[in-house]
Amino acid sequence: MKCAVVEYNYCHDETLPTLVYLLNNLGISVDVYASRRAIRNNPFAYTTGLSFSLRQCDGVFFKLRSDRFHFRHYDFLILNSLEPKAILERVADIQVPILGVMHNGNLIRTDPDYASFFGESGRKPLVLAGHISDFLSGTTVARWVSPVLLGQVKPTKSDNLDQVRLCVQGNLEFERRNYECLLDAIEQLIVDGVRKLKVMIIGRNGTNDGLIFREQIRKRNLVSFFEFSKGELPYKNYYEFIAKANFLLPLVDTTSSHYRPYFLDKVTTSVLVSIGMCVIPIIHEQLADLYGIKSESVTYEDGELPDALKRAFSTDRDTLEKLHSGLASKREALLSESIDNMRETLRDLGLIPKEEQRQL
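Counted the way the numbering used here counts, the sequence shown spans residues 34 to 393.
Please keep in mind that the hints were generated in silico from the structure rather than gathered at the bench. Just so it is clear, CB atoms sit at the ideal spot from N, CA and C, and this is done for glycine as well. There may be inaccurate statements among the hints.
Below are the DSS-like pairs computed for lysine-lysine, each with C-alpha atoms no more than 25 Å apart in a straight line [claimed, not checked]:
| id | residue 1 | residue 2 |
| --- | --- | --- |
| 1 | K343 | K229 |
| 2 | K118 | K96 |
| 3 | K157 | K387 |
| 4 | K355 | K277 |
Quick list of simulated restraints, FRET-style, between CB atoms [as the list claims (entries may be wrong)]:
| id | residue 1 | residue 2 | range |
| --- | --- | --- | --- |
| 5 | K252 | P188 | 14 to 24 Å |
| 6 | K229 | G82 | 37 to 47 Å |
| 7 | L266 | L382 | 34 to 44 Å |
| 8 | T352 | L382 | 41 to 51 Å |
| 9 | S149 | K327 | 36 to 46 Å |
| 10 | K252 | S86 | 46 to 56 Å |
The whole structure should be built from the sequences, with the hints applied where relevant.
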């Protein structure tokens, strides 16, 4: 059986290695189609042992033919993202079965175009976390796969917590994370005498919010405690930056309605990176509970981030090692269950016989 995994956009390509891994484990041949920009950034930089071919989907020769023509010989397609809505129109006449990864699960419930797309036979949604599957359970069956296969990135952090590196990853946008609580927390730590720390802001930060955030840092005299990556990074550099961190901060809490979707129908990429790279998260307790990692995290409630940081900084080495091991075990468990969920979704489409056993 042969599958095309397609990502038309310049984003969400961090999911591609996990999809290839799951399909490889089911004995399925894989071709990955991505934009030249995504190929250049190379989400497979640290993955090994995967079997796939990599092809452009935005080159001149690809555009000479319809997508229906290009994908006509595949047994099924996985569309790694279905936004913007123009993608629905682009793939409307493709005749092979389609799995569509929904990064905003609520669209299936609220947008008739997405509901109609998945209402046709031979089409099924995939989501990226169990809570999204639960959220959609009254509307449709949307099984989850967890994109936590990022590759073997050697940690370069120091085990000496006398100098702590904190990581905040992702595009710097205030609607995504509570950056104000971060500034308040760092300011409080400095007042309390904790000064040997560095906050690494990793990802696109040249946004309007990024410029405002830099000015807020300057006004609070915190410039020496922050380090910014230079815009969009290739995945190799991106993961190398994160590998320097002792702790990772998702900065998602319940203080704003902007963050509510991350508790319902969207994933928090920071959590997936934390699990995938075994970087201990300092995370809101409800979010940790949602992903089943409370025992592998340093948790806090709204307004309690300064205390959580102090607890993290004072954690002994043996406890830190247990947290790292717990995250590694969680990653393997999620990947194992993701293989099962992918298999069941393919069975729903009639692509795998009901009685077929798992292939390793």
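Hints, one by one, checked against the model:
1. Among the hinted pairs, K343 with K229 is consistent with the structure: their alpha-carbon atoms are about 12 Å apart, no more than 25 Å.
2. Simply put, K118 and K96 have alpha-carbon atoms about 19 Å apart, close enough for the 25 Å limit, and the pair holds.
3. Among the hinted pairs, K157 with K387 is consistent with the structure: their alpha-carbon atoms are about 17 Å apart, no more than 25 Å.
4. At most 25 Å may separate the alpha-carbon atoms for a hinted pair to count; K355 and K277 meet this at roughly 19 Å.
5. In this structure the supplied range 14 to 24 Å is violated for K252 paired with P188, their Cβ-Cβ distance being about 34 Å.
6. Between K229 and G82 the C-beta distance comes to about 39 Å, which sits within the given range of 37 to 47 Å.
7. Between L266 and L382 the Cβ separation comes to about 36 Å, which falls inside the hinted range of 34 to 44 Å.
8. A hinted range of 41 to 51 Å holds for the C-beta pair T352 and L382, which are about 45 Å apart.
9. Taken as a hint, the range 36 to 46 Å holds for the pair S149 and K327, whose Cβ atoms sit roughly 39 Å apart.
10. Against the hinted window of 46 to 56 Å, the Cβ-Cβ separation of K252 and S86 comes to about 51 Å, which satisfies the hint.
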